[in-house]
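A.B. asks: Chains as they are written, first to last, in full-length UniProt numbering: chain A, 1 to 305; chain B, 1 to 72.
These aren't lab readings, by the way, just hints derived from the structure by calculation.
Where hints are given, some of them may not hold.
Unchecked claim - Here are the simulated BS3-like cross-link-like pairs (lysine-lysine), alpha carbons at most 30 Å apart as the crow flies:
1) B:K56 x A:K206
2) B:K68 x A:K206
3) A:K39 x B:K56
4) B:K68 x A:K66
5) B:K56 x B:K68
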Amino acid sequence: MTRTRVPPAMAEDSLERLDQEITLHLQQIDSNFSYCFSKIAQDIIPNVVEYGAVCDQVMDSCNWLKNMFQEAGNLQIDAVAGPKARPAAEPTTKRARDSATDGDVQTLFPAKPRLAGDSSSIVQLPAMQLKSLSGASSRATVAADPMVDVTTTTTTTGRVLQLPDSSDEEARDGDTDAQALGERKLKTPAGGEDADGSTMQRQRRKRKLSLLLQQQFGSSSSSAVPSPATQTKRNTNITFDSSPLRKEVANQGESTKEIGAPPGTVIHFPTGNSASLEDDNDNDVSDPKSSRGESRAGSNNDSTR
Amino acid sequence: MENPYEQVHQNILGRIVNNVERLNESIVTLNQELQYINARNTNLQLMGQMCENYHKSVQFNLDATNHKREPL
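The whole structure should be built from the sequences, with the hints applied where relevant.
C.D. replies: Have a look at this one:
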């Protein structure tokens with residue numbers, strides 16, 4: 001009713017005006033949408049694609065790092081969330097690096113833009129340098145010894161690092177033969193690589209170090225103790241005699257006499273390290289001194305001889 | 001009398017719908033590209049973390065063994 005009172009000219013004018021405003025607003029909306037579309041399609045997507053290409057280039061450059069870490073920890077690093085098969089490798093590598101850090105740093109990162117290739121070469125070098133670092137003369141002789149299974153990430157000792165849990169021991173156990181063992185003991189402290197993935201290996205290294213010390217300064221027996229693995233198998237052998245296994249047979253009688261407690265004096269590198277050590281502690285009555293079986297053997301030998 | 005404006009309005013609305021449709025498609029494409037790139041970058045992220053950890057452990061070891069030297 002009020003509209004009828006408005007003069008029709010004004011009403012038409014207002015209608016015109018409103019229609020034009022509507023048209024204008026719609027056009028503005030349309031232009032805004034087209035502007036957004038053009039912005040995204042013309043500027044943003046090409047830049048994003050270029051960014052992805054650059055990221056791919058970076059990843060290609062970093063592949064050698066990925067391979068290095070994989071071989072070091074015997075891992076598999078996938079692009080998906082769960083990369084590390086054995087996370088225990090990482091923290092324990094610190095310990096491995098204690099002896100190997102300098103060597104590793106010197107060898108693994110001579111120049112960071114490194115070629116993607118020979119991880120084997122990396123494995124070889126630190127052993128050499130580690131020997132220099134360790135400074136043991138006996139160890140130096142090991143230098144020439146084969147870094148045979150480099151591709152399989154063996155330490156210089158010939159350990160197969162692929163299976164940090166038990167493969168080292170298995171390797172040791174498998175190679176109870178004399179010569180390699182003596183060499184390995186020399187090698188192992190120098191060969192503490194990143195691949196040693198557990199405290200077990202640390203303990204082994206410690207034992208081997210003590211063995212070496214004993215060899216150099218210890219019991220009347222002159223030469224290196226043969227394989228601890230063999231000792232563990234026999235559980236009663238003190239093998240501080242010069243030659244490894246071969247003389248063990250002859251010395252078994254003596255060793256059994258010498259040892260009050262059968263497994264106690266033996267240098268153990270069993271699969272279950274702590275347990276065996278504890279067993280040794282429990283069993284060894286004659287020599288309560290040392291916490292580990294290693295020095296006991298020396299003392300036993302000294303006492304008996 | 002109102003028809004011409006209505007026709008104009010309808011035309012403009014049609015154009016708006018087309019623009020919005022293209023805009024949506026472009027945004028979907030953008031999202032896919034970003035997803036691809038993000039997936040590929042997780043590897044890089046892991047590399048970075050490992051390098052960082054290695055660096056930290058190296059520093060720690062050097063400090064612990066007194067091998068650390070002052071910077072040149």
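A.B. asks: State for each hint whether it applies.
C.D. replies: Verification of the hints:
no.: 1; hint: B:K56 x A:K206; verdict: holds (24 Å)
no.: 2; hint: B:K68 x A:K206; verdict: holds (24 Å)
no.: 3; hint: A:K39 x B:K56; verdict: violated (44 Å)
no.: 4; hint: B:K68 x A:K66; verdict: holds (27 Å)
no.: 5; hint: B:K56 x B:K68; verdict: holds (13 Å)
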